[in-house]
Amino acid sequence: MTRANAAHVVAVVLLTAAPAALACDPAIDPLGPRAKVYLFDYGGAESDDARDRHSQFQAAMLDKAERWGEELSRLGVGADYLEQLQVIKAGKDALAGKPALVGRYWKDSHALQLMSGIVDGASGQYSVRSRMYLGELRGGLESSSLFVGMPITASQFGNVMDSHSIVTFYALAVDAERRHCDRAVAIALLNSLNEKVSDLKRRGGPLDPGVELVATAARARLDELARRP
Amino acid sequence: MTEGAGATRSCRACGEAISAQARVCRVCKSPQGWTRLLFQWKEVTVAVLALVPLWKAAGSLAEMARTEPRAPVVRASALACDSDSFRLALTNVGTAAGLVADVRLAYLSDGRRIEPGVDLVPEGGEPGLVLEPGQVVTLALAPRISGVPTVLQFPRGGGECRAIALVKVKTFEENDSVVEAGCPCP
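Sequence lines, in order, name chains A and B.
When you read off a place in the first sequence, starting at 1, and then add 131, the result is the number in our numbering.
When you read off a place in the second sequence, starting at 1, and then add 2, the result is the number in our numbering.
Worth flagging that the hints you see were computed from the coordinates, not collected in a lab.
Some hints could be false.
Quick list of in silico lysine-lysine cross-link-like pairs, DSSO-like style, CA-CA up to 30 Å [stated by the list, open to error]:
1. B:44 to B:58
2. B:31 to A:238
3. A:229 to A:195
4. A:195 to A:220
5. A:238 to B:172
6. A:238 to A:195
7. B:170 to A:229
8. A:220 to A:238
9. A:327 to A:220
Take these sequences, add in the hints, and give me the full structure.
Have a look at this one:
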């Protein structure tokens, strides 16, 4: 049995034994879970074509957020708040070039993550490079900022979305642990993340370096949670 | 004392015989009409006339001592609280203009006060508003963090929750006060 499979078995056992609603400790954070993803306008979308691509990307992110809710509710961990996960179009990126403000904004807005980035069409093929800021939810990552870049072609759109989903699920898992939720919640989220990583590998070969970092951190965390008595 | 053109009478002051029509005594120069009373009681008259402005001045000083300093008294009421807007009614029932300097957000959740570092800024307007005595205004406020738009996250403790606007009122004498208005979390 591989390590990933072992963690999966532990997760299934925990989830089967889990009560209907897995409470978190409300005293940790009276504002509750961090469930808002702020999506700022990406830079570089100056030409009409680039603006169209940017709009497509934003629309796909908003659509994806709705499906995250459904997907997470299917995890069956009783963490109803996961259905409230939402992407908020935050308009012009007023935080660009102000690192101190990024941290403050993340903290005070009670965001799960802040997304900004650029649309690049210099080589004739459009791609997005997203900066996903996780603040104190970086968990085992070295930095609070992750960079995920991918071409935004029709064939790659699913992969782009899944790459962003992986980072988001990681942040949700760290938030669940931060709020002392039952470990089944974090395990379910990290397992779901692992499945997305496997799908990405199956479909498109090597992972984006940013996604690889998250996948490694998630595997390490999952092993640790599975080993815990 | 005799009747007619050459009639005489005694001076009211010195008693010497003087003409019956004389207004002033030819001997002692005392007036013989009612004005002589003024001269007779001139010290008393001067004293009474001098007391009038003194009395007035004392009254004014007493009035100044009794009057409260002029100050704004701002009252606020929250009309609606939402995740991206906060409507507030403000009035000034005081005696001087007040400056609404800034509005901050707080939550009261299960008896615990939380201040998330969010400003409430007039939508499409400059912060800062002068509220004259008797004036009533309503304000549509949008949440901002360092000027960047945000969306409010209300506490989810399950118990009683209120979203509160903390309105800082300044006077031109730099006396700050904070007025609170809140409504139940949506």
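Against the structure, the hints:
{"no.": "1", "hint": "B:44 to B:58", "verdict": "holds (22 Å)"}
{"no.": "2", "hint": "B:31 to A:238", "verdict": "violated (100 Å)"}
{"no.": "3", "hint": "A:229 to A:195", "verdict": "holds (28 Å)"}
{"no.": "4", "hint": "A:195 to A:220", "verdict": "holds (13 Å)"}
{"no.": "5", "hint": "A:238 to B:172", "verdict": "holds (29 Å)"}
{"no.": "6", "hint": "A:238 to A:195", "verdict": "holds (24 Å)"}
{"no.": "7", "hint": "B:170 to A:229", "verdict": "holds (28 Å)"}
{"no.": "8", "hint": "A:220 to A:238", "verdict": "holds (18 Å)"}
{"no.": "9", "hint": "A:327 to A:220", "verdict": "holds (25 Å)"}
Hint violations for this structure: number 2 only, all remaining hints satisfied.
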